[in-house]
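Undergrad: Those sequence lines, one after another, are chains Y and R.
Residues 78 to 473, numbered by our numbering, are exactly what the first sequence covers, in order.
Residues 609 to 1087, numbered by our numbering, are exactly what the second sequence covers, in order.
Calculated from the structure, these hints are not laboratory results.
Each residue gets a CB set at the ideal place from its N, CA and C atoms; glycine is no exception.
Zero decoy hints are in this set.
Computed list of lysine to any residue pairs in SDA-like fashion (alpha-carbon distance at most 20 Å, straight line):
| hint | chain 1 | residue 1 | chain 2 | residue 2 |
| --- | --- | --- | --- | --- |
| 1 | Y | K158 | R | D1012 |
| 2 | Y | K158 | R | I1071 |
| 3 | Y | K158 | R | R1019 |
| 4 | Y | K355 | Y | P392 |
| 5 | Y | K158 | R | A1027 |
| 6 | Y | K114 | R | M615 |
| 7 | Y | K158 | R | L1015 |
| 8 | R | K1052 | Y | A87 |
Stretch-level coverage of chain Y by chain R, calculated; a stretch enters the list once three of its residues show a Cβ under 8 Å from a Cβ in chain R:
| hint | segment |
| --- | --- |
| 9 | 121 to 134 |
| 10 | 144 to 152 |
| 11 | 159 to 165 |
| 12 | 221 to 232 |
With the Cβ distance kept under 8 Å, some of the chain R side facing chain Y (calculated, not the full set):
| hint | residue |
| --- | --- |
| 13 | Y619 |
| 14 | P622 |
| 15 | S797 |
| 16 | C801 |
| 17 | L819 |
| 18 | H823 |
| 19 | L827 |
| 20 | N1074 |
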Amino acid sequence: MNFSRRACSAFAILFITVLGIYSILNFATRLPLFQSKLGQLSANDGLNDVIHTVDYVANSSMLGGEELVYSHSRLQVLLGKKESGGFEIIKDDNGELGYGNFYPVLTTNTEEYALRVRWLQDYVSDKGGNVIFINAIDLFDRSHSSYSSDLPVNDQNAISDAMLYYLQSYEVNYLDSRKVLKESLLQPEQYRYNTDIHWTVEASFEVFTSLIEKLSDEYDLDLDPDSYYTNLDNYKQSVFPQSYVGVLGQRTGSPFSGADDFIFIEPDFQTQFTMEYKRNNTEYTVTGDFNEALINHSYWNNGALYASYLSGETPWKRITNELSQDGPRFLFICDSFAMPMISFLAPMASEIYVICPLAGQSIDVEQYVSEFDFDFVFVEYYPGDMTEEAFDFFIR
Amino acid sequence: MQYSSLMFIFYFFPITVGVYYLLRFSQRLQNVWLLIASLLFYAWSGILPVIFLLADIALNYGMGIVIERLQKKEASTKPALAVACVINLILLFIFNYLSPLAKGVGSLFNLNTTAVSSILAPLGIALITLHSISYLVDIYRKDVEMDKDPVNFALYIIFFPILIGGPILQYADVVHQIARRKATWEDFSQGVCRFVIGLGKKVLIADAMALIADHIFNLSAMSGSLTNVPASLALVGLIAFALQIYHGLSGYSDMALGLGRIFGFHYRENYNYPYAAVSVTDFWSRCYISLLSWFNNYVLVPLNGRNSNHDHMVRNTFVMWLLIGLLLGCEWTFLLWGIWNCIFLIFERVIEFENMNISSIPRRIYVLVFMLLGWVFYRTGDLYQLSVFMENLFGRNDNGIFSDMALMLIREYWVVFLAGIVFATPIAPKLGRLLINKQGVWTKAFSVIYPLLMAVLLILVVIFLNRSGYDPFLKYSLL
Chain Y
78 MNFSRRACSA FAILFITVLG IYSILNFATR LPLFQSKLGQ LSANDGLNDV IHTVDYVANS
138 SMLGGEELVY SHSRLQVLLG KKESGGFEII KDDNGELGYG NFYPVLTTNT EEYALRVRWL
198 QDYVSDKGGN VIFINAIDLF DRSHSSYSSD LPVNDQNAIS DAMLYYLQSY EVNYLDSRKV
258 LKESLLQPEQ YRYNTDIHWT VEASFEVFTS LIEKLSDEYD LDLDPDSYYT NLDNYKQSVF
318 PQSYVGVLGQ RTGSPFSGAD DFIFIEPDFQ TQFTMEYKRN NTEYTVTGDF NEALINHSYW
378 NNGALYASYL SGETPWKRIT NELSQDGPRF LFICDSFAMP MISFLAPMAS EIYVICPLAG
438 QSIDVEQYVS EFDFDFVFVE YYPGDMTEEA FDFFIR
Chain R
609 MQYSSLMFIF YFFPITVGVY YLLRFSQRLQ NVWLLIASLL FYAWSGILPV IFLLADIALN
669 YGMGIVIERL QKKEASTKPA LAVACVINLI LLFIFNYLSP LAKGVGSLFN LNTTAVSSIL
729 APLGIALITL HSISYLVDIY RKDVEMDKDP VNFALYIIFF PILIGGPILQ YADVVHQIAR
789 RKATWEDFSQ GVCRFVIGLG KKVLIADAMA LIADHIFNLS AMSGSLTNVP ASLALVGLIA
849 FALQIYHGLS GYSDMALGLG RIFGFHYREN YNYPYAAVSV TDFWSRCYIS LLSWFNNYVL
909 VPLNGRNSNH DHMVRNTFVM WLLIGLLLGC EWTFLLWGIW NCIFLIFERV IEFENMNISS
969 IPRRIYVLVF MLLGWVFYRT GDLYQLSVFM ENLFGRNDNG IFSDMALMLI REYWVVFLAG
1029 IVFATPIAPK LGRLLINKQG VWTKAFSVIY PLLMAVLLIL VVIFLNRSGY DPFLKYSLL
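Just chain Y, with the same shape it has in the complex (with noise of 0.2 Å):
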C-alpha cells in the first residue's frame, strides 16, 4: 500500500500547487470583473442577488477560458462526435454546423403573430405606408443540408411555412428568402456560413436586391432606376479566407466547428451617413462613409465580421443618409440578419430607423410608428427567432 499512498501523495502535492496558484491568478485576474458587476447592483438589491452575481461571475469567467473551449473542441474532434454541448449544436456531413433539437417544432403562435403584423400593417396603411415581411432563411435546408446519421435536426421551416401562410391569410406581402436565393446564382454552400447561424453578405445583397425588385414592381418605388445600386460590381469586394468562425463556431470551438471564408462588401461609390445607436443604454453617433459610418471596425478585432455591419443587433438605431433627403423613409423591426441588408439599403433612404427586440431592450414599436411617418416598414426575422419578444407590438 505504500506505493498507493506515495501515489495519493505525489497527486495531492501536484493538486494543491497547481490549485492554489490557479486559484489565486483567477482571481486576481477576475477581481475588476466582479468588482464591476458588484458595482451595477443597486441599493435595493438584497445579498441573495450579491451571491447570484458572485456566483455568475465566478461560474462564467475562468482564466484561460477559451484555451480550455478549444481543448474542448478537440476532444470532440478527437472523439469523432458530431454533436457539442449535448446535442445543442450539431454538424452536418459537409461539416456545416445547425442547432439539434430532439422535440417536433411548434407552430402554434405563428398565426397570432401574423395577426400582429396585419394590425402593424392597418395602422401604418392609414398613415400612408405599407409593410413588409421577410422570412430569413433557417440553418437547415433539406435540399443541401445532409445528415447521414440520425442526428436531431433542428429544421424550423416549418415555423417559416407556417407563418407566410397566416400572413398571406391576413393579406400581409412578404419575401420569402429562401425562394429568392433558390433562385440565385448563389449555390447553397455560398448563402450560409459553415459555422454561423446568418445568411453570408452575398447572400445579404441577393436578399436586398430582391427587396428592391419587388419595391419597384409592386409599389412603384423605383428606388434604383439605373440598377446601379444592385449592381454587385459597384461594390468593393474584400475576401478574408479562412478567418470567419461564427456564433456556433464560437460555442462549439474553432477544432470542431473549422472557420469560413469571409466576403465583405462595402459600397464602390460616394456614401455619408450618420449613424445613432444605443447599446446597454449608452447613445454612440458616428459619422462618415459607409466605412466609416456604418462599420464597426473594432468587432474585426474579435473576429465578429459579421456583425460589423451597424455594429450588429442593437435594440435601437436611426441612419441618416446624409446625401439623400429625399429618399424615403423605413422602420425595420428585425433581428440580426438584417444588418447587411440596411447598410446596403441605406444610400438609397432618407433615413431609417432599425429596432431590434430581441436586443434585450425593450422599445415601444406602437409609439414609433405613431410619431413617425415611414414609407415602408419592414418586420424580418428568422424562423429561430420569431417567438413572443420579436412581435411585442400591437399586441391585441
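Following the hints, position chain R against chain Y.
TA: Chain R alone, transformed into the frame defined by chain Y:
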C-alpha cells in the same frame, strides 16, 4: 452551490481548506470555520433557508437538552422524543409534500393555492430531518452523550460536504469525530484523490448520461401524438438513466467522503458497486448504504422489537420501504418504487434466494433487470408517464423496436457509455490492487501513472465544467 462547479473548485474549496489548515492550532476554531463555510455554502441556495436552518438547529439542540435533562431526572423521555420527532416530520411534510399536495388539490377543486404551492423546500431538508432524528434518538437511547457545544451540533447537521448527496450520518457515529479528530497528510491526499474521482464520475459520466436520459424520457412523455419512442431507444434512455443515477449519486458520495477526509472526518462507504450485485438483497446492501443503515437502525429495529417473526418481517420491511418511497417525494411513482423494492426483498427472503444454487450470470441479469425496471418508476414522475414509458420499452405502443436515434446516441457517446459501465463495476479497483500487490516494475509504474491519470481527470473535469452548467443531479437525488 454544487461541488461540481467552478465557483466551488476555484473559490470556495481553496479558501475553506486554506483557512482550515491555518487554524490547526485550535480544533474549536476549525469547527467554527467549517460551520461558517457550511452556512455560506447553504446561503448559496438563498438567505431565507439559512434562517430556517438556524431555527431548526436551535430547536433540535434545545430538544436534545430537554431529553437529556429528563433522563437525569429519571423522568419519561418518550413524550419529549415523540414531540421532537413529530415537529421534524411536520417540517419535512410542509416543505416536501405540502406544495405538490396543494397543487393537486387546487387543480382538482379549481382553487387558488399559489401561496402554499410556491413553498420551496430548503436544500437537503430530508437529510437534515434524518440527521436531527438520529441525534434525538441516539440521546434518548443513551447510545452517546450529547455534545454540549452548539457549534459541533450545528456542524453535524449541516456540514457542507454531506449536505447535497449524503452519506446520511448517525449521530453516535460522528459525534466524537466532530469534537476530536486529526487530519493527517494521508487523510488529505486520500481525500483529494477521492474528491477528484467523484468529480470525474459526476461531470464526465453522470452529466453526459443525464442529457441522453432526459431527451429520451422527454420524448417518451410526448409520444403518441407528436413522436414515438421505439423500444431500443427507450432501453438506451433507461441504461443512460441507470448510469446517470449511479455515477451521480456515487460521484457526490465520493466527493463528500473525499472532502470529509480532507477535514479529518472518516465516514462510512455509501456505495459498493451495486450493479455488480448478485441479488436484490445484495444490491441494497451496496447501494446508498447509509440510507438503509439509517432506516434499519431507526425504523426497522424499533418495529421488529424483541419478538420478530416472518409476518412482522414482511410488515416491517413494507413499512420501511413505504417510508423510503415517501421520503423521496410526493409522487405515486416513488411509492411504487418503494413497493417494487420491498416485493423483491421479501420474495428473496421468503425463498432464501441467497442460498439457492444459481450461478452468478443469471443472478446478475436478474438484478440488472430488476434495477432497470425499478428506475423507470423512479424517473418517470407520474403514473401516466410510467405506463407510457413501460409500453414504449416493451414495444406495446405501436412504437416499433429499432431506432436509428438509439444507434446515433450510442455512437456519439460510446466512450461515456463504456466508461460508465466499466466504472460501475469493481474492475478498476481490482486492477489497481493487482498492480499494487504485484510489486516490481508494475507497482513503480502505478505510482507514476496514477497521479498523472488523476491530473488528466481533473483537467478533463475543468474543461467540461467550463462548457456546461447543467446539473441534473439535484432533481434525481435520492434525498
